[in-house]
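Undergrad: What follows is the residue order along each chain.
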Amino acid sequence: MLKGRAFKFGDGISTDHIVPGRLLHLRSNLPELAKHVLEDADPTFAQRVKKGDFVVASKNFGLGSSREHAPLVIKVAGISAVLAKSVARIFFRNAINVGLPVLICDTDNIDDGDELEVDLKLGKISNLTNTTKLSFTQIPDIMLRILDEGGLIPYIKKHKDFTVPKT
Amino acid sequence: MGQTLAEKILSAKSDTEARAGHIVVAQVDLIFVQDSTGPLTLRQFNNTNLAVHNPKKTLLFLDHSAPSPDQELSNDHIFLRKFAKETGVVLSDIGDGVCHQLVAESWANPGDIILGADSHTVTTSALGAFATGMGSTDIAVAMALGKTWLRVPETIKVLVRGHWPKGVYGKDLILHLIGKIRADGATYKSLEFGGEGISALSMSERLTIANMAVEAGAKVGLFPSDKATQSYLREQGRGERYIPLAPDHNATYENIIEVDVSRLEPTVAKPHTVDNTTLVQELKGVGIEQVFIGTCTNGRLEDIAVATSILAGKKRHPRTRVIVAPASQKILLAALAKGYISSLVESGATIVPPGCAACLGVHQGVLGNGEACLSTSNRNFKGRMGNPEAFIYLASPATAAATAIRGEITDPREFL
Ligand code: SF4
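Sequence order for the protein chains is E and F.
If you're matching positions, the first sequence starts at 1 in this note's numbering and goes up one per residue.
If you're matching positions, the second sequence starts at 1001 in this note's numbering and goes up one per residue.
Wrong hints could be hidden among the right ones.
[Said to hold, decoys possible] Residues of chain F placed beyond 12 angstroms of chain E at every Cβ, according to the derived structure: (1) Asp1093; (2) Ser1199; (3) Asp1226; (4) Gln1236; (5) Arg1238; (6) Arg1241; (7) Tyr1242; (8) Gly1287; (9) Lys1314; (10) Pro1318; (11) Ile1323; (12) Leu1416.
[What the hints assert, rightly or not] Across the chosen pairs, the derived CB separations fall in these ranges: (13) F:Gly1239 - E:Gln47: 57 to 63 angstroms; (14) E:Gly78 - F:Pro1069: 27 to 33 angstroms; (15) E:Lys160 - F:Lys1227: 43 to 49 angstroms.
[Stated by the list, open to error] Covered stretches of chain F, going by a simulated chain E footprint (3 or more residues, C-beta under 8 angstroms): (16) 1114 to 1127; (17) 1131 to 1141.
Think of the hints as simulated: they come from the structure by calculation, not from any bench.
Where is the CB? At the ideal position from N, CA and C, for every residue including glycine.
Based on the provided sequences and hints, a complete structural model is requested.
TA: As structure tokens, this is what we get:
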């Protein structure tokens, strides 16, 4: 069970908002880079966020570059999951690969600062502040397995190959 | 039932009958990283404790910070060069050019599966390759296994009809299309281009269009491989790698979008999103402090030729600096031989080395507070060119050149 506060963002938060190119020189120093996470969307976010909190966004979160630093710094900053109406393709894969859950759901019912509880196994989100419940879209089986192992590297170390049911 | 281009390529490479929605494990023909995503990729690769599956088809490009502007990035470069030396993978050092252009020039073939740790890897889907960007860990694992898993995408067909008017280019078409379907209009999907308006296009223009497919969220921006593909491969010295590729006439599309190019006009994306498009005519008079011509989108010889033809014998406007970055060394040499470079310098342009240059905001043209740049690149997100207080407009090289002369956004047709 994950529990924390919601930090609400709008549509189209790009990887440039999350980790801008001007901080390229910090890319080999993730803890330092994480101090700037989402800086161009909300300059105070990095100082306010606490371990376990959620990033809650609207449409097309994580669009733009393939930089995996984007989900990584969100994870390093302590965020337990990203909730959004939709997520850009590369960001989605990257997040799962680094073990950051991404939940596709209708985020309109979540306001900035709401207390949330997420049950990844049951696929349920409870908004403790306004006492509503949400469910999220199931992700493909292969991604669930990768997430279960804590990311793609531990998955490959264990399984040595991708296992995909024959279609 | 017929297959789309994406389904055909993925079927051949996964040894299954790939249909939209399937998850397949596919053989990968070419894998590459660049200097901004590369260090993390190689660290993740080292974590797998596996060897590089095919070093001759694994490429490292030093292009994003080239030459390096600071010590941290120089140290990243040292790390990448050392990895290349130790593993035998192919290194492309500073000054060679932008990864996607070099992959088009020297590596990509129709029917290939190409993975790059860079979202604009889609560029070479113009050659009929299933080329797509992934993050560092996916690329690290593909480097080790020589394969990856892929969800077979649904396809949106873009049928391009009509004749191209003067002053309107592939860049205007793709900006128009993104404005229409929006930045998430093709998320997870394959965009498949076809129609007589596409057959008429050179490889250079096709690469521009495919390059920006990802700005609509697409996984690939596939073109059929035809005569233009064949002659491009021949010019690059690998004509024997040509195979014709086309979708089946009864393939299933999620949607078909028709565009009549004869009605297109020069188009611009306004700050701060690529889908915030309008016609150049609507922005007449908007002042521009910097014009940037280059990148994997529009840094090819044809782009430099168009810009030169408009700027030749004229001077840039005093308020507007002009930065030109040829996308590869080959392009720089050809532009020198043709006299484009001296002509551009005489017009007041600053030439920077082949590479990403000002595109991503690390060096060679970072914007100041409140400044506006008209760029031929593919992204105008807030902060993209190194300053969240700056404004980026995206347009064709022709529009960029016309704008450089007037110092404000200008319709290139006034100079043609
Ligand atoms: S030129 Fe720009 S968009 Fe192209 S690879 Fe370089 S940074 Fe990315």
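Undergrad: If a hint holds in the structure, say so; if it does not, say that too.
TA: Taking the hints in turn, this is what the structure says about them:
1. Asp1093: Consistent with the label, Asp1093 (chain F) stays out of reach of chain E, its closest Cβ about 18 angstroms off (over 12 angstroms).
2. Ser1199: holds (29 angstroms)
3. Asp1226: holds (28 angstroms)
4. Gln1236: At roughly 25 angstroms from the nearest Cβ of chain E, Gln1236 (chain F) sits farther out than 12 angstroms, so the non-interface label holds.
5. Arg1238: holds (27 angstroms)
6. Arg1241: holds (26 angstroms)
7. Tyr1242: holds (29 angstroms)
8. Gly1287: Per Cβ check, Gly1287 (chain F) is outside 12 angstroms of chain E; nearest 24 angstroms; holds.
9. Lys1314: The claim holds: Lys1314 (chain F) sits with its nearest Cβ about 32 angstroms from chain E, beyond 12 angstroms.
10. Pro1318: Pro1318 (chain F) is indeed farther than 12 angstroms from all Cβ atoms of chain E, at 28 angstroms.
11. Ile1323: Given a closest Cβ separation of 16 angstroms, the condition holds.
12. Leu1416: Answer for Leu1416 (chain F): holds, closest chain E Cβ roughly 33 angstroms.
13. F:Gly1239 - E:Gln47: 57 to 63 angstroms: holds (58 angstroms)
14. E:Gly78 - F:Pro1069: 27 to 33 angstroms: holds (31 angstroms)
15. E:Lys160 - F:Lys1227: 43 to 49 angstroms: holds (44 angstroms)
16. 1114 to 1127: holds (count 5)
17. 1131 to 1141: holds (count 8)
Consistency with the previously given hints is maintained throughout, with no hint failing.
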